[in-house]
Amino acid sequence: MTANTEKFLPHPTPVSRVYWDACRKHQLLIQHCGNCGQYQFYPRSFCTGCMAREPAWEQASGFGTVTTWTVVRRPVAEAYAADVPYVIALIKLDEGPVMMSQVNGCDADEVRSGLRVEVAFAAWSEQVTVPVFKPAGPAP
Amino acid sequence: MDTLRGKVAIVGAADTEVGKVPGLSSTELCIEAALRALDDAGMSKDEVDGLVTCNSMAEPHMYQAEVLAEYLQIFPRYCISASAGGGTTYSSLFHAANAIAAGVCETVLICLADSLRSGLSRDQAMQMQSSTGHREFEIPYGPTVPAYYALIARAHMDTYGTTPEQFAAVAVHARRHAARNPAAQMRDLISIDDVLNSRMIADPLHLLDCSLVSDGGAAVILTSASRAKNFRHHPVYLLGAGEGHSHEHISQAHDLTTSAAADSGRRAFHMAGLGPADIDVAGIYDCFTPVVLIELEDLGFCAKGEAGSFVAAGETALEGSLPMNTHGGLLSHCHPGHPGAIFALTEAVTQLRHAAGERQVGEAEIALVHAQGGIMSSHSTLILGRERD
Ligand SMILES: [Zn+2]
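Read top to bottom, the protein sequences are chains A and B. Note that this note's numbering has the first sequence beginning at 1, numbered continuously upward. Note that this note's numbering has the second sequence beginning at 1001, numbered continuously upward.
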């Protein structure tokens, strides 16, 4: 057993299961309402823009921009101690919604608001892969 | 429109000892606060027909308010345990005031306490850390509570050029006030450099930008204005109250640097028929130093982006234009979690009674207290006055 398995892993709900299943296949899905066109994150049972039920899933571009960030220097739990210092950021996806994630793949000191990032995936257990982000490569 | 303005008053208020109080469970702390507030009012417990408390972390009960009523052997007709994080005190006072004005009950005991310093088991402490945030979409990434607030601090720096020195000034002034308050948990003066040289917890927040972890409780007694003069002290009237709710999880906030304090403040000022310039003394929720700056701006005490220089210039010191957190705040007086904001309320009552001793703000007539719970999620503002009209 690795320390990683003790992290606070998500427990998918009936609504979010599609999202977490896709993460294991290294796809970042967000909801896109077929009725009004709104993108939303986190997954919900309805579109908050027009109240239509069961908004459709769509694969996100995986690109986004850091809107704010911090470096955690004192871990939240033992399982995160090996990761210290780690960057927690809010990332505005190119589609519009904002999500929290970690920014890895660079020095913590290199992260800035406005940094362009792209999704990467980290397998934190047999069952759970989480989307994390890294500095974006050249524009697609 | 008929409003709550002047309809209810605080006639009793008291704190327990705060800081490290290992001798009492959180339930017993809450009872101690209640007994002291009743004594302060000169009131029998049998005059209480409403009871409000908050959930306790250290000693959770399924029915927290019923446990207290039973312990006290009172039999209220209004009895509720409220949960709005740090905003619990003021939002539950607002609810209780509405209940009194509606004739649901006449005299409400609001008592809150917890034992975060002495009463938490290791598992409970872990549970508390790991239960803040969205279970699926935030918590797995390992943010700490300071980290959530650091996201807001960074956004304010990026947007307005606010500096770590300005955040630090909030902590320095809190400590200066605590030094004049014998009840405060931390009373040794600190400097801007002390804050900046304290351990970095989550950039840009240092250890001394973060509030304390404490045991403690307090209680206030609220009754109808018509009864308010029957008690021992000068009553303190509720002139305005307002709430604002914008999100629960910080990743869902529509704005990181402007909070729903703008809504709660506007609503409270409107009810009171007053504005920021009328406030003589303020209690501004200070769980982390940047929070204070955003609240001061959103409540209208300064323009957006100017609270950093406002505090650094000493405007919120005892001798400034807006004496703030004269008891020392969550940063230096105490912070037992959900009950945190009640100490700024009991301080406001003390100030409006003109009984604050060497930290008294002249002949203070009007006070404002503001708190937020969650991560800048749930905001509540109260405006209090010495006179009803
Ligand atoms: Zn829609």
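Warning: the hint list may mix true and false statements.
Under the rule of at most 25 Å between Cα atoms (straight-line distance), these lysine to any residue pairs were calculated in the SDA-like manner [unchecked claim]: (1) A:Lys92 to B:Lys1020; (2) A:Lys25 to B:His1134; (3) B:Lys1020 to A:Arg74.
Which chain B residues stay away from chain A? Per the calculated CB distances, all over 10 Å, these [said to hold, decoys possible]: (4) Leu1035; (5) Asp1046; (6) Met1126; (7) His1134; (8) Ala1155; (9) Asp1158; (10) Tyr1160; (11) Gly1161; (12) Pro1164; (13) Ala1228; (14) Ala1303; (15) Val1361; (16) Arg1388.
The hints are simulated quantities; they were obtained by calculation from the structure and are not laboratory data. Ideal placement from N, C-alpha and C gives every residue a C-beta, glycine not left out.
Here is what the structure says about each hint:
With a C-alpha separation of about 43 Å, the suggested pairing of A:Lys92 with B:Lys1020 is violated against the 25 Å cut-off. Proximity of A:Lys25 to B:His1134 is assessed by CA-CA distance (about 23 Å); at most 25 Å being required, the pair is judged to hold. Under the criterion of a C-alpha separation no larger than 25 Å, the hint pairing B:Lys1020 with A:Arg74 is consistent with the structure, at around 23 Å. The claim that B:Leu1035 lies off the interface holds: its Cβ sits roughly 38 Å from the closest Cβ of chain A, which is beyond the 10 Å cut-off.
With a least CB separation of 47 Å from chain A, B:Asp1046 remains clear of the 10 Å interface cut-off, as annotated. Not every CB of chain A is more than 10 Å from the CB of B:Met1126 (nearest about 7 Å), against its label as outside the interface. Chain A draws B:His1134 into its interface by the beta-carbon criterion, the shortest separation being 7 Å against a cut-off of 10 Å. Distance check on B:Ala1155: its Cβ comes as close as 4 Å (rounded) to a Cβ of chain A, failing to clear the 10 Å threshold; non-interface status is violated.
The beta carbon of B:Asp1158 is not kept farther than 10 Å from every beta carbon of chain A, the shortest such distance being approximately 5 Å. With a least beta-carbon separation of about 13 Å from chain A, B:Tyr1160 lies farther than 10 Å from that chain, consistent with its non-interface assignment. With a least CB separation of 13 Å from chain A, B:Gly1161 remains clear of the 10 Å interface cut-off, as annotated. Listed as outside the interface, B:Pro1164 is consistent with that label: its C-beta sits roughly 13 Å from the nearest C-beta of chain A, beyond the 10 Å cut-off.
Every beta carbon of chain A lies more than 10 Å from that of B:Ala1228, the smallest distance being close to 45 Å; the non-interface claim holds. The beta carbon of B:Ala1303 is kept farther than 10 Å from every beta carbon of chain A, the shortest such distance being approximately 21 Å. Against the 10 Å criterion, B:Val1361 stays outside the reach of chain A, whose nearest CB is about 36 Å from its own CB. For B:Arg1388, the non-interface assignment is confirmed: its Cβ lies about 43 Å from the closest Cβ of chain A, beyond the 10 Å cut-off.
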